[in-house]
Amino acid sequence: MGKTNIVDLESGSAPSMLADYHPPPGVLDELRGPDGTVRPAWQTFIQRLQSLGPTRIEKRWQRTRRLVRDAGLIYRPYSDSESEPRPWKLDAIPWIIDSAQWKIISEGLQQRARLLNRVLQDIYGPQRLVKSGEVPADFLFSHPAFRRDFHGQKLPNKCFLHFYTADLARSPDGQWWVVADRTDAPLGFGYALENRLVLSRTYPRIFHDCQVERLAPFFIKVRELLQQLAPQNKDNPRTVLLSQGPATPGYFEDAYLARYLGYTLAESGDLSVRNGKVLLKTLGGLAPVDVIMRRLSDQYADPLELQSDAGLGVAGLLTAVRSGNVLIANALGSSVVESSAMMAFLGPLCELMLGQELKLPSVATWWCGEEKELKYVSEHWRNLVVASAYRVSRQKAVSDLHGKGLTGTNVVEQLRRNPTSYIGQEQVNRCTVPAWQDNRLVPMRGALRVYLVGDGENYHVLPGGLARVANDSQMLEYDVLVGSSSKDVWVLADEPVKPVTLLHQPGAPITLRRIGPELPSRVADNFLWLGRYCERVEQSARLLRTVYTRMAGEEDQWELVEFPLLLRQLADHGLIEPGYVVEGIRERLGNYEDALANTLLDPNQSGGLKATLGQILRIATQLRDRLSPDSWQILYHLDHQLSLSRPTDSLEPSEVLTVLGRLIMDLSGFSGMVAESMTRTFGWRFLDIGRRLERSTSTIGLVRGLCEKPDAGPSAWEAFLEVADSSMTYRSRYLAQWSLAAVLDLLLTDETNPRSVAYQMQAIAKHVAELARYENSPLPTAEERLIESLEHRIRTADIAMLSGTAPYKGYTELIERLDEMTHELPQFFGLLNARYLVHARAARTMG
Amino acid sequence: MTRYKIKHTTAYRYSEPVALSQNQLRLTPRNRGGQKLLRRRLRITPKPEMITHRRDYFANLVSHFDVYEPHGELVISSHAEVEVSRPLIELKMPSPSWDSLVHQLKADITGNGLHRYQFSFASALAPKLPIAYEYAVRSFPKGRPILPAAFELIERIHKDFVYDPTATTVTTTVPEVFQKKRGVCQDLAHVALSCFRSLGLAASYVSGYVRTYSDENQAELVGADASHAWVSLFAGPLGWIDFDPTNNLVVQNEHVVLAVGRDYRDVCPVNGLFIGGGQQTLSVAVQLKPETV
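Top line first, the protein sequences correspond to chains A and B. Just so we're aligned: 296 in the numbering used here is position 296 of the first sequence, and the numbers increase by one with no gaps anywhere. Just so we're aligned: 122 in the numbering used here is position 122 of the second sequence, and the numbers increase by one with no gaps anywhere.
Check each hint, because a few of them may be wrong.
Stretches of chain A that chain B covers, calculated by requiring three or more beta carbons in the stretch to come under 8 Å of a beta carbon on chain B [as the list claims (entries may be wrong)]: (1) 128 to 140; (2) 143 to 156; (3) 266 to 278; (4) 300 to 311.
Calculated lysine-lysine pairs in the BS3-like style (CA-CA distance at most 27 Å, straight line) [as the list claims (entries may be wrong)]: (5) A:131 with A:154; (6) B:106 with A:131; (7) A:221 with A:103; (8) A:277 with B:47; (9) A:375 with B:142; (10) A:103 with A:154; (11) A:234 with A:154; (12) B:92 with B:47; (13) B:289 with B:5; (14) A:372 with A:131; (15) A:221 with A:498; (16) A:372 with B:106; (17) A:158 with A:131; (18) B:142 with A:372; (19) B:159 with B:92; (20) A:59 with A:89; (21) B:181 with A:375; (22) B:106 with B:47.
Source of the hints: derived by calculation from the structure; they are not laboratory data. Fair warning: this is a prediction, and the values are worked out from it, not measured in the lab. Beta carbons: idealized from backbone N, C-alpha and C, even for Gly.
Chain B extracted, bound-state conformation (with noise of 0.2 Å):
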């Protein structure tokens, strides 16, 4: 079990006064799978107006706040405790047939299965397309057990598409990153929804922070990056498994979840629309400090 503090700030400054702004975070750790909220703070300023919370249809938690005043920086920070202990899931563990599993999240819709059946369709940002599936098959030979032919097509993701900061921008599309094999988390992970969902698998886009090492000796590296994205694979008895795609790996303990949903645009963390600003500039910084407990 790793206990982590968590410490997020979004920054905007604009170079003429914005006049209003009207927003919606999704910026609460989740409360569920693994993971317990045991804290949770958020400052926001200037002072909003007015703020609301609200449980959207995937179950995050959404804030909406709106300012009225106006201002020349918008000042979002997030802190919040969060105990992880996950289980650890391993490539020789046992699991059903990706086929299998095709046809039974097809069958079983008539409880919660309906939820997790969704996530087997194209989304606006990870479809459905013959270059995932042409690329996704090759490791799901038929009746190949989920779990290694997805930890396969995981490292292959990995390997094949380069971590590239420089290379797309939020509106890049999955074909688009095909061809380029270049991209961020938030590509890799919609590479890899992609994929899945052209299989027939239900997957979900995860967004949340990583845990990060600057040498050997493990120390933590402070404001590493923004929020990291990743996905989430149904895999039948075993539940929901998370792949980190960026750094091939299978999350245990050293993530933490945000949100949940079909791609970026369901748990975008903040998002936003304000009049006037002239020249907007955006900082961001995560910190993430873990207490072995």
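One chain only, chain A, in its complex shape (with noise of 0.2 Å):
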């Protein structure tokens, strides 16, 4: 290495990568010095991906991005105010940062991170530093998340900070600012750790040669941490990870990051408090929790006291903190110290309280709840960031008043009016480093997320981080997950790394286990409907192909006696409106092909094909953490697979079939999956139950429908075996003969038809027989005794009688006996609700 090495990059005969690499001037380049040479650290990647070439380079992070896509394995979140979910943005060049330079960042971050806390110590205590002024209050007092429900915790250790991340900009002058401190529940570091493996899976070999510190000891000290701090059951506490919820930001993160824990991913409802404890509430009823890591903003936290009605959050919650029952990291109230004007007082406070002076500067800022600042901000606005002193929220950092078109005469009277809400930050010049983009290296401006865990005292940092790259600085000034796109950082360690993983440690003593009853309830009730979904769609894909097959055919389908029939059972499904099965409406709806296109193309047709492969794509997106990543994949790219244009006259009904066995072919795929390689759970048996039951029901309607029009004939017969995937078993069984008893048979009572009504029930039963073995109750459960008894219906119906010669007093009662089924399957479902899944209704307010 060393100079000559530079000089060959520079010189050799391939084409320099960095020929074209032209950092703008007057700004610090991460890669290249000022003289235009390759910083040390560097040098080995650089060298390295020189030898892969552009070409290799492009190919490899093609596969790379390729990969990340098809498994979803990072993704952006599934929002309402992005309806669509993005996949993540990751470029192929991580942020090489040498271990002097981490050095700095990490001692001074660990500093700021005792000092906040001591800071929040003070806050929620004796406010000495109110009383001084050194916290001014008019701050805190103007504070919209300073809450005087957070005094009077109990916190082991007193620490309230427990996950502390700063984010950081380099200036050209080589000195690191930090430009935010997150200290309520900072969101990032699952996305690092996401980063890290697929940029390791990219370069393995180049990863390996450049001495990359790991991430894994630092997920192992959260957990160790989490552990230590436990008020109780410290050699194995409860933990889980409490989510804000599917519809926020941070989803995807905490889904992995839960997984990769081993904490239970909860949401808001599946915790109560109860005797000022907290609680998990699993199928096997009231779990007590010990620690709660806590991705759920503060001032959620607990709608009993804080009045909140967003609709989340634990009533309680902070009586079980006042009980000393439970320990939330961070602690309630640490939000406070997360706004902006508090840099403002950092650097005089550390002095006071560390006796030392602050290592890692914030970035220059005033507040104006002080006359002289706001009189400074006044006049200099226009060459400053002005934004709210109290960023809440994780929305947006900035509210530049200058990016609005104010006028200044404006904007200083709106600093006037409200100066307690305002602060005047300089922006830094930020550094640049190396992205790619086109096949070639370019510089482009970068900001740092770093993240720390610690006790109160002791603070470790995350050997890596977030970093975002932006070719407009002021996309960076924005919170993580706007704009811009996302970077690897790697750490250099002085000497090798030795691996370490989260999963195995080798030596330490394993229980086996088995899982048992613990599953959440909303947990179960999602498996619950994934599974009544996906039979939907499957069932309503071989409806509709059965339809349009017939539509594609060479006859007039209003010709085929079947055809009215099936869409008759187009409308039960709810796929089209009822009246298109009546004639004389029928031709006032307008034409029943537009109303199929709606179906299979209208995501807001509620009960349309698209709609509901919508909602197994919301219900996925909850289970996500415990979905395989290949069941994941199926089920993310159903939706995809229905990407059929809207034409301007009708669909082609060769295109349709096309996708709709593309869509039948994936939904036996993930069939597949389930009954070959998920463990037989709770959740398995819920996702189980409910596609039986949704089976059950769609069948019995296809029943109903033959039994209603018995002279229909052996056309009609083979279309209703072909919605039911049995048309193959009946012409095994009886070749060319038909025979209505004998398709009926096949479709009810035969009990080795995997599609027959007679199977759901015998599956469903063994399911709830298993469920209720952890009753504890001698008597069978009621919704055992209801499937029992739809079991027992099922097999001693008389189809045989109907061959006979009077079939149609036999089908009048067959068909009672059906509408009896189609009205107590509802029944079961409630039951079954009521006992294991109704622990998530919303509370509602008094008075």
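With the hints as a guide, bring the two chains together.
Here it is, written out as structure tokens:
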């Protein structure tokens, strides 16, 4: 290494990767020094990259990106504001930082974390800093996140700040600046982990050669620390990761982290407080929780005391904390020091409280709540970012006034009217880092986010982090999830790095476990509905396929006896309006082909195929931590399978048939995965119950349709068998002999046909019996009794009688029996719900 | 000095059973500020699984209780005996100018001053507003002693705002009340707070009971109302002075204080969450029996 290599890079025979790499003047570039040489930290990486060559890098990168996309490996949140989930953007080039620089960052942030923790202890304690004016009273009392309810908590180690995160920028002189402190429920270290996974797979050799510090030890530290601080059950505390929910930006990361750390992913509705203890609602009852890793903003944590109406949080949580029964990390109230104004006070505070100079400075900040500062910002606002002094939510960090086209007087007036609400902040002329774009390296502006975990006094730094790059420095002033592209951060070690993993600690004894009833009720509920929706889509797709096959055939579909019967089934499945079945109304409703197109294409037609696929994606998203990557991949892609474009006239039946065929194949793939790879947990049972309930309902509907028109004849019967995926079986059994009784037997009573109603009943009864084993009741449960009775009635249906001479009376009886079942299946569903799933009902306010 | 026997019953009835209910109460009369709590009993049916008590940030006693058994009715009855003896505050008493108080509040935060200073800040339900400032400042010319200024402001609020239980709900905001010029005691208290705070003065929200009279014989009225609300203003050497804008008077021995906070949210007498229940109906009865000693 050294100079000679650099010269090689620049003037070697192969075109240099750096030939076009020109950082803007007056900016520090991480890769190239002022003289154009490659900085030592980057030399190994660039050399290896150079020997790969742009074509191979691009090829590898394409492959990795496909991997990311296909596996949904990292993935943007499913949120209300952006209905389309987007793939996570990751750059092909890491940000490499040498150990000397990293030491500066680490020590600075460790000091800062300690300091902020002390400040929190004072704010929710004696408030000496406020009385002495070090933390201005006006700042605190105007702070919307300063809630009096957070006083008087019983905190292990008196620690508020277990997780601390800082956003950094590096200026032209090489100085690192803290541009934001995150102390509430910091986001992103799950993404940092995922980024590392991807990049180390892209360049396994290079990664190894560069001696990059591993991330896993940090996560081991997280687990150790939360375990040590647990108020009870210290050898094996039950820990949940409390998410703000699937509609929020952090959800994917929450699921990922919960899985990685081995914690139960919980939403507000999964927890409740009884007798001052936090409990997790599981199928097996309420299980005590010792530690909550909080990703839910503290402002919503306890709807009872904080009187928040966001529909989030756990009523009574503060009572539990005050009783010392639970550890919450970060402690409730930590968000108060997250505001930008706080940065203006940290320098003097550090000298006062720690007797040290602040090692890592905050970017220059003026809080307008003080007269002198207000005057300064009013005069210089054009060169500053003017932003909200109190950042309560995680939305936008900056509401810079000059972006809104206000005139100077407006800005000043706004500041004067409400000075405590604003800060002025200098903007760092951020350094550039290399990024991969259009087959080459280009310099882009960089932002670095670093994560720490600690007990209030001692903090550990994640050697890595989440970096972002953008062409426009302004984009980086926003919160982490907005705009720009993310980057892995490689911190170089001084010596070879030992491999560590979180999953396997050699020598540690492990208790073999089978998963029992300790499944959160919400998760069981999601599995149930996943099963139902998957089956619903499959049934709908088969039905539509049968219909479209007729439409694509040579004969006029209206000449076919089965066509109106099939339309009726479509209506019964909620795929088209019932009016299409009735002659006279049908004509007025317009073209039925358009109605079919709507069910295939319109995500807003409730009950439509497209809409149900949306539901599957939504639920799969919520179950992501419980689905295998392969299953997740199939479900994630289901929706894409139905990517038909709406034509000007009508859909081409052959095209629709191809798409439906693919959809059915994929669903079979998922079923196969479930059958062969999913452990028989309670989650699996609920998935299967959901599927079988749905299949019962739709097959009963088919049988009923046949019974209503017993003289429809073989072509209709065959169509129905096609829908029920049983036509092959029929043909192999009866060849070309047709009898309605034989058809009905196959669909209704034949326990060897996995599509028959009898088979579904048997399977459900088995699941219910398994679930009831944990109920500790000597008597069968109500739902056990009901399903057994249903099963019995199916088994004793006398189908043979129907092949006799006076069939019509027999059909009427059968129809009655079927209607009875159609009525009782929802009752069964209700009983199941009441026993296992109805914990998650929303609480209401008194008054 | 007046002694009061208080009975305050809050009953929730539900059309369907409530599976679980979690509540916090601020129903214990304070034991300070010219008021002595002699006796106190809290009865809740059905019997709560758990009940705990604590002092909140403003030193109010908060009782938390949970009911886990299914119930169609929840009755909270609070009994208390209180002795009230507050000094008489009169308009003619000398008081510092209001603007000097504003400066003093800001300057004196090293000790207990910090606690009082917080009441000069906006809170969720009693914000600082230009409209409140414009309205209030007419009674607060520079240098005017705080007592006559406050008396005048309270009188104006009493006159300009019509007491009307149908005009507002619990979610009505101060700007809306300013627009309608109508409301109940809670609204009038928030209006007064917005006025005082917009001027930079420290004022708190007080919940409690007021003795009411049915006719000129001054027989006490049973079950008059739910709890009452008024404001308390910091007046320098005179301490905290309670004004009742609904009745246009300075509080002496006709009022019993339950809780003090920045606005209604800090002192809410009963607040809770429950699961299930269908339709809920609420009935409140307050009985305040004076025994002049």
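Contradicted hints - numbers only: 10, 12, 21, 22
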